[in-house]
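Colleague: Chains as they are written, first to last, in the working numbering: chain A, 1 to 270; chain B, 271 to 540; chain C, 541 to 810; chain D, 811 to 1080.
Calculated from the structure, these hints are not laboratory results.
Note that the Cβ used here is the ideal one computed from N, Cα and C, for glycine as well.
Errors might be hidden in some of the hints.
To be verified - No more than 20 Å apart at the CA atoms, straight line, and that leaves these computed lysine to aspartate or glutamate pairs for EDC-like:
1) D/K922 with D/D877
2) C/K545 with D/D1046
3) A/K239 with A/D229
4) B/K382 with C/E670
5) D/K922 with A/D229
6) D/K815 with C/E670
7) D/K922 with C/E670
8) B/K509 with B/E494
9) C/K779 with C/D762
What the hints assert, rightly or not - Coverage of chain B stretches by chain A, computed from C-beta distances (three or more under 8 Å per stretch; other residues unrestricted):
10) 313-324
11) 367-373
12) 394-407
13) 439-446
14) 493-504
What follows is each chain in one-letter form.
Protein chains: 4
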Amino acid sequence: MAELKGFMYPRTPTGAAGILPGPPWHYSGEMLTIEFRTDPTAVAELLPAPLEPAPDDPGAVALIWADWQSCSDSLEELLDPARAQYKEVFLVVRCQYRGQTYSRAAYIWVDKDFAMARGVVQGYPKKLSEIWMTRPVSVGRAGPRLEPGGRFGATVSTWGRRIADAVFTIIGTAEQPGFVNAHPMLHSRQMPAIEMDGRDSLDELVTMRGFDAELGPVYAGDAELQIHDNPTEELDRLKPFEIIGGYYRQVGNSMAAGTTVWAAPNPMAQ
Amino acid sequence: MAELKGFMYPRTPTGAAGILPGPPWHYSGEMLTIEFRTDPTAVAELLPAPLEPAPDDPGAVALIWADWQSCSDSLEELLDPARAQYKEVFLVVRCQYRGQTYSRAAYIWVDKDFAMARGVVQGYPKKLSEIWMTRPVSVGRAGPRLEPGGRFGATVSTWGRRIADAVFTIIGTAEQPGFVNAHPMLHSRQMPAIEMDGRDSLDELVTMRGFDAELGPVYAGDAELQIHDNPTEELDRLKPFEIIGGYYRQVGNSMAAGTTVWAAPNPMAQ
Amino acid sequence: MAELKGFMYPRTPTGAAGILPGPPWHYSGEMLTIEFRTDPTAVAELLPAPLEPAPDDPGAVALIWADWQSCSDSLEELLDPARAQYKEVFLVVRCQYRGQTYSRAAYIWVDKDFAMARGVVQGYPKKLSEIWMTRPVSVGRAGPRLEPGGRFGATVSTWGRRIADAVFTIIGTAEQPGFVNAHPMLHSRQMPAIEMDGRDSLDELVTMRGFDAELGPVYAGDAELQIHDNPTEELDRLKPFEIIGGYYRQVGNSMAAGTTVWAAPNPMAQ
Amino acid sequence: MAELKGFMYPRTPTGAAGILPGPPWHYSGEMLTIEFRTDPTAVAELLPAPLEPAPDDPGAVALIWADWQSCSDSLEELLDPARAQYKEVFLVVRCQYRGQTYSRAAYIWVDKDFAMARGVVQGYPKKLSEIWMTRPVSVGRAGPRLEPGGRFGATVSTWGRRIADAVFTIIGTAEQPGFVNAHPMLHSRQMPAIEMDGRDSLDELVTMRGFDAELGPVYAGDAELQIHDNPTEELDRLKPFEIIGGYYRQVGNSMAAGTTVWAAPNPMAQ
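Produce the entire structure from the sequences given, and follow the hints as far as they go.
Modeller: Here's what the structure looks like:
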């Protein structure tokens, strides 16, 4: 019988083998946001009751690529960068709950297990994927400069099939990188009971937002977006009717505790 | 507001995008079991209270490699085999709880996200890894035959560092592939509260076992095992004092519902 | 100044670091052959002069998936199976040269670097790819049995885009796994001069065939094949007009020296 | 019979399926150079006759990590960044040939097939590997700034085993990123005859250097380097006796034609 250590699983004698170091987590990276309008019913069908669509511009969503380094307070992951670098793509929709507007990652893909495990904690429904995003350069010809005319490509694939491709071209700068991902996150954390009878042992709505943000300028421009039919994805239900805009920004922030907004009792507990 | 479908996350309009199809799950594959004795205190320190060490042979553990195909009742994953094939390595220890002996996967590594997600449901603390295991052959020289003298290699690495290597050589056959992994599984399912204040929103002990087993003959023999120092793992705390034996077997079975043995109330639920 | 060792590159003090062990190479694995007829002009355009199309059935080609273990005479790779296991997909066409009929791998994809390097030596134009192929099983439900009704899936993707998918269903057995891949291989080995002025420093036609074949029974059946548009591939120029048949077989063989059929002088040598 | 297109293999009807676009190639990226002194005999044993060690400081070598985007003149790869981004690590030694000093990549690892194929053309003996290198950041805590105190980690692994790890800490700036990699490259291009009788069909010494260099400032500092024993590598024969220095620089350049310095006739050509 032992006192086990560690934030998530496995909890172990020293804590070194845990899949995810404990919070806070620090992030530095680059975000490419493509905002577009789709059929509002395709957004509404992503919102479990009692969440409701945002009343204004209900078809507006954002598909966001990010290329991150993240680390714990020890910063040690930065010196073993396989454990710090990851990429992600996520679809953000807006919703209302108890009169407040939230952003919500309805779909999200990452390329490392520690990021996937952090998603389980934060309620981001992360699957693994292959993700690529052009990096800006300051020398040479093999990349865009952060200036008008700079062009970026971004792709996401799973099981060897493309999910979406985007091209972004800088036109100028902007105040904000869009409006869809501008609210606190509202996520579901759900775990089927091991009895697998339709009940959930864990069923919560949680909210969180980053802190200590340090932000680069917002580069804004034109975007093209292709969402491909894919038998293991449903992103293609959100046909882009109209591109709102594209935004690139270097972002630093930190994340730690959030707040449980609502939680069901564990029906398996007596 | 929508009725979302799917067993695990994300729950979606059609269910097609879920990371894991719903149960039951069927498995066919090959298991290579290396049983060895280590310091019983290194086993005991892996057992959270109130679990207790098995009274007999408390230093006996098993490191098991498996090369699987798995699928849902639809069998559709078998025709897109990226979604069916995966490999795993797990350390099994035995423990006692309420007077009963269980097997328990203290550490486990897999190489696909759907397997990792299934681990979250089943309480297997799965991390991603690179796993390799020699396959037996029936023709040619590039592999062992399932007969005395057949030799298999097995390796597991994470972040580009080996965790363990094994070599197994068939001597003959046996009735059982060891005794460590012979009990129902007892696993913890725990989820930190989003408040990240030390409380768990989900804290359960669950048990499960396979059904509809269809088993090949057990090939038994000699085994060598090296566990490497590795800064992100703690497997090296289990020094092999003595190899008990090695076992190779082709295994088919199915898994579905288990039983919640104990569950704490969700402290976040009012 | 040193005597360097090794078959291919790098040639090094001990030879241990070479990308590819020296010959002979032994192979054991499973081959899934899909033979189909396409437009003969799509075959002819793959044959560099002076190669000519095979006179009989000139539109018949084969797309072959293989799941291999391979090793050198030391067999050591089999105990570190990351270095032994690889998968490949190749398009075989037939051609005539100096009155003899040959098989020729016009396109080929593999998933390991040692296999790619061996392709450079043998004239197989190997690119890296993600390749999957269902494995038959002898126990359990998660895989086909080697008997009528057994169904296999096979896929190949590159840069996160599918190139081709196939489904094969066993109907019975056959004498031969088709006729397209039944001849000695005729491959080009070409290397642009470092001057990059259109000349080749190396320009050869080479032939080789396996030896010490040990073959399992041929399972024959129905096949479906989809070749997808893909901007980095040209396989989609070979539209399947008619499926000839599908064949699955376990294959063991060895390969070593071949024969130079024709070689140009190195224009850079004085 | 067809006129096939493409720079390297496969040569195809349109050229789109070639593993490597034709030259010139443009590069933008980040290079981390660790210069150290080792036993001069460990350097000399890497030089095939008639190459001779550099007369000055003959034990000085450089292990260099690079994180690149590269593209052809079309720039199209930059919009499908899986085809543009790659990482590499290479060991540079110096040598003399015909009275001139050259740099030479004795070992090199990359993580993409197009980079490996370009190595075959350029005489870089590239193997595949897992490579990671910390990226500097301009916002947030999850990465070093390009200023004194900024710390970078760099790792390379193959077959799930580390080859080398480095840590670099910026102290200030410098004029040059060391002296080992400052000469034109001298590489061997060799291809065994398909007869595999010890003869080479291709045997050349080629030289090349980049052009259109656009260079960021050189950040110089302290470095730590660990080279691990590894059964499939020989880098551990170069024990670091003394670290000369570490250097980080953003680099843009282009490469195209080089010069054949020496070429043997192809013995297979009549």
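Colleague: With reference to the structure, classify each hint as holding or not holding.
Modeller: Each hint tested on the structure:
1. D/K922 with D/D877: 12 Å, holds
2. C/K545 with D/D1046: Holds, because 17 Å separates the two Cα atoms, which is no more than 20 Å.
3. A/K239 with A/D229: Judged against 20 Å, a Cα distance of about 10 Å means the pair holds.
4. B/K382 with C/E670: 14 Å, holds
5. D/K922 with A/D229: 27 Å, violated
6. D/K815 with C/E670: Cα-Cα ~25 Å, so violated.
7. D/K922 with C/E670: Roughly 13 Å between the alpha carbons, so the hint for D/K922 and C/E670 holds.
8. B/K509 with B/E494: 13 Å, holds
9. C/K779 with C/D762: Distance ~18 Å between C/K779 and C/D762 Cα, so the pair holds.
10. 313-324: Holds: 9 residues of the segment 313-324 of chain B have a Cβ under 8 Å from chain A.
11. 367-373: violated (count 0)
12. 394-407: holds (count 3)
13. 439-446: Since three or more residues must qualify, the claim that chain A covers the segment 439-446 of chain B is violated, with 0 doing so at under 8 Å.
14. 493-504: holds (count 4)
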